[in-house]
Each structure stands twice: as structure tokens, then as C-alpha cells.
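Peer 1: Here is what each chain is made of, one letter per residue.
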Amino acid sequence: MEKIIKGKAFVLGDNIDTDQIIPAEHLVYSLTDPGELKNYGKYALSGVPLGGAGLPNGGTSFVDEGNYESKFNIIIGGANFGCGSSREHAPFALQVAGAKVIVAESYARIFFRNSVDGGFVIPFDTPQKLNDKIKTGDELEIDLAANKLKNYTSEEEYQLNPLGDILPIIEAGNIFEYARQNNMI
Amino acid sequence: MGMTITEKILAKASGRDRVVPGENIWLNVDVLMTHDVCGPPTIGIWKREFGEKAKIWDKQKLVVFPDHYIFTANAQANRNVNILREFAKEFDIPNYYDVGTERYKGVCHIALAEEGYNIPGTVLFGTDSHTCTSGAFGMFSTGVGNTDAAFILGTGKIWEKVPESLKFIFDGELPNYLTAKDLILQVLGDITTDGGTYRALEFDGSTVFAMQMDERMTLTNMAIEAGAMNGIIKADEVTEKYVKERTKAEYEIFESDADAKYRSVYKYDTSKIEPLVAKPHSPDNRDTVRNVRGTKLTKCYIGSCTGGKLSDFMNAAKIIFGNTVKVPTFIVPASTFVARQLEEETISGVSLKQIFENAGCVIAQSSCAACLGGPSDTIGRAADGEVVISTTNRNFPGRMGSKKSEVYLASPYTVASSALTGVITDPREFL
Ligand code: SF4
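Here the protein sequences line up with chains U and B, keeping their order. Note that the numbering used here has the first sequence beginning at 46, numbered continuously upward. Note that the numbering used here has the second sequence beginning at 337, numbered continuously upward.
Just chain B, with the same shape it has in the complex (with noise of 0.2 Å):
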């Protein structure tokens, strides 16, 4: 019997030959990820767990973003960097990007791609639920919680249940009026936030190998909204060019046999899916775009680790170049690299910055800023009553801000064409 691509990434990293879904086995981790939110108490339980002669296990390999609660007067938010600076200070952090400084990077996910931290075929683990983007890399990788992750720093070592896999195979070319955010959408409506729970999502097919690394990190970011334990993208050329451009790591390509067992195969004929939202309150709320159109907004928002990235601006910017928003709209890039980028990309030689300037949106400075509601000053924040559409990856009761607001996910083409009229509009409109 075959094995499945994360099956096989999961065997070398436990140093087996093989393993089997179900079984639980003890993983060498190449990295630990940590921020601004779990980062702390992390460190808190490690040093309890360890005392005196607490040891990181490597430091090269630990990485740590304050991303999350950053521009803000929150004194608590505060309080959780200061305890990263000093920790990172004490310890002599090699991997450490702090705020207010050149080395500041933005929203995590994106970054250790950035940084060349994505290696095929290695593990990663991250005190984070969309850990499980790095998996668009051909490696595996995924969230755990603050006990885990101090085992982690004192070890490199955690144990881990082989996940059963689930493959989606999208063949076809991509419509020019669809992203990986309306197929990931697609997905979610089809299994539901349980359907992948401690499963593997892998994602394969003519579509998904013809996208590039930003696009596939969306795929893989939003596993974890089915529950799943991480999401996978077999390494290409894609792959490899976007590392060698990044690092100097050696790395394995493993991919799946053809006989490698499946709990369920799901083929979907790319060109026949529609511009899709996730309705308030579940990210498998789904229904088309056409069934809401109309719907009205109080405001846009375009950023976060699964919709700020250059891909993402770049088809907002298609539909934006020209025009003026109806309604504010907030352009949050997820990392520095990303707000350097939208000042260099051009369309008809007018940078995507100035494009958004014109049309009137806000762009904001890199963080996670309002994906996650965060302190009451956070810029893009959902207030009572509010309607907002955006390209972020959840939309729970109060994800973004108030309890009392309403998000619609969607893709950059959606929400930008929607920022133009202020109700709810199918990109199709405009492309």
C-alpha cells in the first residue's frame, strides 16, 4: 500500500519507514513558530516546565513575529511584546522580527515564506490554527496549543497523530473572474468546519499547479476551517523557484503514490464553479455571489495572511484601477514585503498603491490588524451593526470586531467589485 504525501513527511521526520493513519508517533521539528499571543504564555510554561537551566532546543529554529496586536495603545497588547523583546533579548533570538524596527515582517504565515522558512518536505509546527499555510510548500505543518509549544522549545519533539487525507483535485483552467479563495470556499460549503477534523486536506490537479505560492497558501490557509490538522501542496518548480530565491536549505520533494489510500477523493471541474461568499456566522455558510448580490455593506476590507498578499491586491486592483469606492475600504498587506511590493507592481504604469489611494480606500500598516477584531483601536475594526465584506479566513460571531456586526468572505475580484457599489457584487460585473 502507498503512502500519502503528508504520510511520507510524517514517517522521515519520526525517522520510520513508514506510518499509518491513526497512529500516534514522536516527530523531530525543523521549526517552532511563535507570536505576540500565544508567544508568552508559551514561554511562561516553559520556564516553569524547565526552571533554572531552561534550554532552547535550537535557537535557529525557533522564529517569532509580534504580528497580531500591534499598533495599538492596548496596554496588555503591549505588555505581550515587551515580553517577546525581552525574552528574544535574554536568550539571544537569532530569528526575531521586532516591531519598530527594519526587521518587522508582519502577519506570520506570510512571512516565514518570505523569510525562506518554508522548506519541501520538513515540519513545522506554530502556536498558531493557520499554521497549516505553510503546507502549500510541500511540507507539513500546523497549529498546537501553548503546552505543546513549550514542549517544543525545550525539546524539538512532539508527538502527532498520523491524519487520514482527503484529496481535492480541481482540473481546469481558472476563470478570470475566480481565485483560490472562491475554491477553498467551494471546498468548506462541501465538507463543513468538521469534515477534515484530524485529517489531512491535500490539493492536486492542473488548477491548483498552474497557481503561484500566493494563491496556493490560500488553499492551505483555510484547512484548519474544516478542522483539519494541515493542508498540502506536493513541491513543484513553482515551489522550488520561490525557495532558491530564499534560502540556501537544502530541502526533499515527496509525493503522494499512486496508490496511496484516501478517505475521500473530491474532483471538481474548475471552470463550472461560481464567484462564491461564506454568510455570516460559519466559513461554510457558503452560497454564491449572484444569491447575495445586492446585499448592503458598510465596509470593505482586503488583507490577513489568506487575503493581503500581492496576489490578492493585485486582482482588487484589476477591478479598483480608475474607479472610487462607495464605501471605506481598507487595504491591509500582510507583511512589509507585501505594502514594498504594492508601491513597485504596476498597472498601465500606475502603482497599485496609488491605485488604491485614488479610488479612496485606507491602507493600512502590515499586521493582523481587524481579521481578528483585536483592541478596540485596531484600524478596520467591525463596530455594532456593521456589514462587511472581506477576503479574510473566518467570520464567527465577533471575529472582526463586534459581536453585533455581519462578515460575508470572499475573494479580492468580490470584494473589490462590491467596494465599488457598496452592496455585495459578482466580480463578473466588472471582468
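Just chain U, same shape as in the assembly (with noise of 0.2 Å):
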């Protein structure tokens, strides 16, 4: 696993529900054919409103127009990230379009849990709010041992709160390869 996550910002609103992470018309793709499952790249975050998609200024989409893929790699929420159903395509979406980390203030448990030990991506909270300290676009570096947030953009740094007991699931992979490396299965 990499240490070190460096990339760009993707900023959101508080209380960031699965359908607008995916919306439900576009659960319908194969989740293992690899030329059907880039769709949900394709459609990662389109359910949010223009306004609130790219803060402050909103109005950037998450994957532009014909991609499959973001430019933004980091993303910063609000409170009551994943909340709404209990969808495991929501987390599997983010990570189809290239995110690898979101850093939200709070999440919604199944969306998190979903995200850990499906292996999809890693979900930092914050001990302070920072999706209205941090900008879509900022060049971000996260460093998962110390726990640290570096934005080279505006030169200021942030702690994270420690993964703690998650983190070797989130080094193995996902919860079956932990347990296999662990010999649990």
C-alpha cells in the first residue's frame, strides 16, 4: 500500500447521500466486466447538485464530460458522508473513478464499513470540519502512518484522525485478504 497519497481536491457539502454517489438508474452495470463496471467511473458523484459539486465556487463536474476517470483524487466532505442506502456499488463508484481517499468530518456507518473491507477507498475523518477550509483543485498530500494532511496550495496542515484497528485491512487489500494474511480463514 502506498504511504504517501499525494493529489488533487475534490470538495462536497455535508450529508452526501449514495444516490447522489451513484444514482440508482446506474446500479444496473456489471460489477466485474470490466468493459460494463468503467460506467460507474463515468457516473461517480453525478447525482450531486451542480452547485454543491466542487466547492466553494460548485459547478465542476467530479469526471468531466467522456471520461471515465477523475482528475481529483482526494475528497474532501462534509458530515454524514455515504448516508442513504446500504449500496456497496457507492464506494466501489469512487474508487472506479480513481479516488483513493475521502477525508470527511463523519460518516454514515455502512457506507464506511463498505468502503474499508471492500477495499474500495480509505475513509479518513477529521477531528475539525475541512471542506471549508480546503478548495477543489488544491494540491493535497495525505500521509497515512502519520496521519497528516498536508495542502501545498495554502500551506497548511491538518491532523487526521488515526485509522487505528482498520488500518491493516485497509494494507491487506480488503477484510478477506486480512483475514487470510492473518490466517483467519
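A couple of the hints might just be wrong.
[What the hints assert, rightly or not] Chain B regions said to be covered by chain U (calculated; three or more residues, Cβ under 8 Å):
1) 346-360
2) 488-499
3) 526-535
Source of the hints: derived by calculation from the structure; they are not laboratory data. C-beta atoms are modelled at their ideal positions from N, C-alpha and C, and glycine is treated no differently.
Since each chain sits alone in its own frame, please combine them into the complex, following the hints.
Peer 2: This is how it looks when you write it as C-alpha cells:
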């Protein structure tokens, strides 16, 4: 696993629900066929109302028209990220679009679990609200070992809450790989 | 620093002396429950990941209830039940309650209680968000996705993040026009649909401990409507009596320490609460019945894991007794056990079933039915333009059927009173 993740920020507001992350009408694509599954990337975060997409200004699509991958790979959210249904397609879509890390104030529990256990994206939570401090397009660096987020654009640095016991699952890739490595299965 | 009841149970299940909110810990699971909607994909992931030698960690601890899409001609729904049936046969699952047999139970959360799977101090996971219902028995219970359920199925283990707790204290006698449903709607209006995210909701106070298990389950059932991980009520004599009648299993009773830490504590004088509704389209869109009285209805619905228990029908029957309903009214007993009780329990010598039939209600077979809409042939399903008042737990757009319908959530008293008038009616007019 990479210990340092660098990339551009895509900033969202509070209560981003699973229908905004991947609208229900797109749940029809195969999750295993490579030709089909890239559609999850294409439509990732396509349900976010344009005004709230890419804060503070809004109006920025996560994935450009006609593309299957995003140029942003770190998502900065607010409170209650991933609320709504329990669909595992949501963190999967973010992964397919190229997102590696989400940094949010808090998560809906089932989304958080699905992200970690399915090995889709790394969900960090934060002691303070960051989606009003970081701007879409800012160049960020996340140090997974030190739990630090560095913003090269604003030259600020923030502490993230430690991943704790879920770090080994993230390092292994997903919960099943973790269990195999530890002779649990 | 003391611990809450939730922290103590999680500490025990993780083999530790103490746990702290925010920590991720590994738990030994006592029971895994699944049903016809999430069971088949869970089994699929389990087979993919564990391969040829896939083994269930402990067959006695797996409980499978077909309950969601049961009485339907829908091919995909029936295929799901078939997958469960085949799985139960192939792996010789003792706790499978097949539809079409004597063993069929109905809605999983109520069946778990009735069949003695809810045991104080234990840890229960289920592939259904309302698995939090079992917390009424002084245990930890919560819902998970299919990946997690597949993992539990193979290992009996799962990690969980220890939640912070919120405490809700209801004191005083419950007035004769209120039920547990009014109390939980009060809470949801106060903390909203994300007020409980990643937290435990602990219910306490003299009002709560004066309730029977049916009513306590109405409180914990809707913890998830606030985004909560679990809802919990300490076990007392009422709990012990219920549990002992159903299982010989040993149990351990935990309670919160006096100096346990809560994120917030809410105190209510129960006598000051009014009959409440959640207006369309969210369970936290609270208002008093008084403010929405007179709203014209097309349908009334009494059923589901939160509103289809014996106490719910007893309360509804008190109001409906000797009267006739003005709009189509559906009675959906959560379980086959509740359905039998409707025939046995009486008011002034008349069975509840007879009371509802005499009033012109439609009595359906036990299942989730229209609580979550279901296939187009589901009984009680909301059609375009309908305005429904229901004892169920969710009223998001389309939840009970058509996206163009509106659903009000309310207590069985309020729904029954409204059934008699055809408009939303305050139960105090009948009590
Ligand atoms: S009755 Fe409704 S809320 Fe309860 S398990 Fe069934 S669908 Fe879910």
C-alpha cells in the first residue's frame, strides 16, 4: 500500500448520500465486466447538484464529460458522508473513478464499513471540519502513517484521526485478504 | 471513568476489559440473521471468497427468515427465496424458517424475539438496517452490508467501531393516548435523521421500563432512522420473563455506570408529549397530529416490525371496536405468532381479528408487505396519488410503493382513529 497519497482535492458539502454518489438508475452495470464496470466511474458523484459539486465555487464535475476517470483523487467531504442506502456500489464507483482517499468529518456507518471491507477507498475522519478550508483543485498530500494532510496550495497542515485497527485491513486490500494473511480463513 | 451498557457489551464480545468510543475492535458474533433480499448476495460473496471449502462458522448461530417479498408472483423475488431454500438444504441449516411450511414466521426482527434469539448481553448482526430492534433486550444489535455478512458467515467475527452514546430519558406515566411510536417520533424530530450517526441511542426512564417488550422494540427499531448504529434498553424483569419463556440460554445483564460518558442526554416529561406524526417524506419531519388533523387519506396501514406487533393491534382494536372504517385499512401482523394472537386475544369477548373484520379492515398474511413497497402485486402497496397513514418506520419518497404517494407515520391509536374518519384524526377524540 502507498504510504503517501498525493493528488488534487474535490470538495463536497454535508450529507452526500449514496444516490448522489451513484444514482440508482446506474446500478444496472455489471460489477465484474471491465468494459461495463467503468461506467461506475463515469457516473461517480453525478447525482450531486451542480452548485454543490467542487466547492467552494461549485459547477465542477467530478468526472469530465466523456471520461471514465476523475482528475481528482482525494475527496473532501463534510458531515454524514455516504448516508442513505446500504449499496456497496457507492464506494466502488468512487474507486473506479480513481478516488483513493475520502477525508470527511463523519460517515454513515454502512458506507464507511463498505469502503474499508470491500477495499474501495480509504475513509479518514477528521477532528475538525475541513470542507470549508480546502478548495477544489488544491494540491494535497496525505501521509497515511502520520495521519497528516498537507495542503501545498494553502501551505496548511491538518491532523486526521488515526485509522486505528482498520489500518491492517486497508493495508491488506480488503477484509478477506486481511483475514487470509492472518490465518483467520 | 464508567462505561455505558453498549461499551460493556462490546468490551465483552471483543475480550477486553474496556473499550472507548471511536476505537475499532474485533467482535465475536453470537447470531447472524439474514433474509430473502440480502441473503442471496451474501451467500454469493461467501462462496466467492471462501471457495470450495466454504464453511459456516457455526450453523446454530445463523438464522434465516424469508420475510420481505413473500406472497408475490414476482419471479426475481421467488428466485431469491429459492436460493435460500437450496442453501438451507445444501448446508443443512437448522434455523431456516421456510415460507409455505409450519415453520414460517414472518418479519425477521419480531421473529428473532419470539424464537428466543434475542438474549441480553449478546451481539447480533443482521443484513437489515432495522436489526437494531433487538437492542430492546439489553443486547448489541446492528445492520451490516453483504460483504460484512459474508465475512461473519465464514468467520463468526467482525470489526466494529465503538459508538458514542446518546441517552434519552422518558419519565412519568404514559398517557392513554400515547404509544412508544409517539416517543420515538419525538426523538427523531429532535435529533434528525443524522443525529445518531455512528452512535448508540440508549433509552431510559420510568416510562420505558413500564413498557412491555413490544413497545420497547418500537423505540429501538427506529434508532436507525436517526442513523444510529444501535438502540438499546437495559434488560429488567420484564425482559427476563420474556426471554426465559423462549430460551434456556444463559445470559448476562449489563447496565450503564452512573459515571458513564454520554455525548448528550435528553430528558422528557412523557405527560407533556402529544400524539405525533412524521409528515412526508422523512421520519424526522415531525408535527403534532393536531396540526395536520383533517388531512384527507386514501389508505390506512397497521403492520411491519415496528407497528405490527400484538400491542399495536391491541391499541388499534380499542379504538376500532364496534366501528366501521371509512377508508381501506390494512392489518398486517408482523409474524404468524402475532396473527394467531389476533384470534386468541379479545376485548369484551370479541377477538381482535373479529373486531377488525367487523370494521371492514383487510387482514393480510404476515410479512413485510407494503412497508417497503415491494413488487407490484404486494398487498396494501401505495399507488400514485395516495395519501397513507401508517404505523411503519420510513416514509421516504416511494418507500411504500409509488414515488407519487405520500406517507404519514403515526401510532396505532392515531392510525386507527384516522381509519374511522378517513382524515388524520387525533386519538384523543376517541379515547
Ligand atoms: S417490516 Fe419493513 S422495516 Fe421491518 S424488516 Fe420488513 S421491510 Fe424492513
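Peer 1: Decide, hint by hint, whether the structure agrees.
Peer 2: Outcome of the hint check:
Taking a C-beta to C-beta cut-off of 8 Å, the region 346-360 of chain B contributes 3 residues in contact with chain U, enough for the three needed, and the coverage statement holds. Residue count for the region 488-499 of chain B with a Cβ under 8 Å from a Cβ of chain U: 5. That meets the three needed, and the coverage hint holds. Only when three residues or more bring their CB closer than 8 Å to a CB of chain U does the claim for the region 526-535 of chain B stand; here the count is 4, and the claim holds.
In this structure, every one of the numbered hints holds.
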